[in-house]
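Enquirer: Now for the letters of each chain:
Number of protein chains: 2
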Amino acid sequence: MKLFNLPEAAKFSTDKPCRELLFDSPNLRVLTFNFEPGQELPVHSHNADSEVALLILEGEGVFTGGAEEFPAKPGTLQIMPS
Amino acid sequence: MKLFNLPEAAKFSTDKPCRELLFDSPNLRVLTFNFEPGQELPVHSHNADSEVALLILEGEGVFTGGAEEFPAKPGTLQIMPS
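Chains as they are written, first to last, in my numbering: chain A, 1 to 82; chain B, 1 to 82.
Take the hints with a grain of salt, since some may be wrong.
Treat identical chains as interchangeable: a pair holds within one or across any two.
[What the hints assert, rightly or not] Simulated pairs of lysine to any residue, SDA-like, Cα-Cα distance not exceeding 20 Å:
1. Lys16 / Gly59
2. Lys16 / Pro26
3. Lys73 / Leu41
4. Lys73 / Asn34
5. Lys11 / Pro37
6. Lys16 / Asn27
7. Lys2 / Val43
8. Lys11 / Pro74
9. Lys73 / Pro7
10. Lys2 / Gly65
11. Lys73 / Thr32
12. Lys2 / Pro17
13. Lys73 / Ser50
14. Lys2 / Asp15
15. Lys11 / Ser50
To be clear, the hints were calculated from the coordinates, so they are not data collected in a lab. The model shown is predicted, which means the values in this text are computed figures rather than measured ones.
Please work from the sequences and hints to get the whole structure.
Expert: See the structure below:
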């Protein structure tokens, strides 16, 4: 059993969003992304064999893709199809 | 793409922890558990083909199993082996 304290483990970088791989197995991959104010990830696609679930823990932002925007705030869960 | 607002969707019950299946596919199943103060889930095992990841969003509690206890608070992530 693995236990993480995400707020304590959070790392930030002034250069770009800080991406960290916490767990990786054939069935489950867990990553964290930490953003300084104003940082963003460009619109991108995932090359995954399964759905990608994204959960906002702290802060506020915007999901964007094409013409649509969706608010991202604590407890927002986005599930992208495989 | 599916978008959930977990705090807004949270349901509670005075009878027992409120379990809700948000998403289910061959590769990903997402459930929420909402606890009223004092409610608990008994020690149990999972019959899953993959790891089970559990993330605390709000509130405080304790993970227990056997002789050990671990604090559960916002941002605590527990990953149980398959």
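Enquirer: If you check each hint against the structure, which ones fail?
Expert: 2, 6, 12, 13, 14, 15
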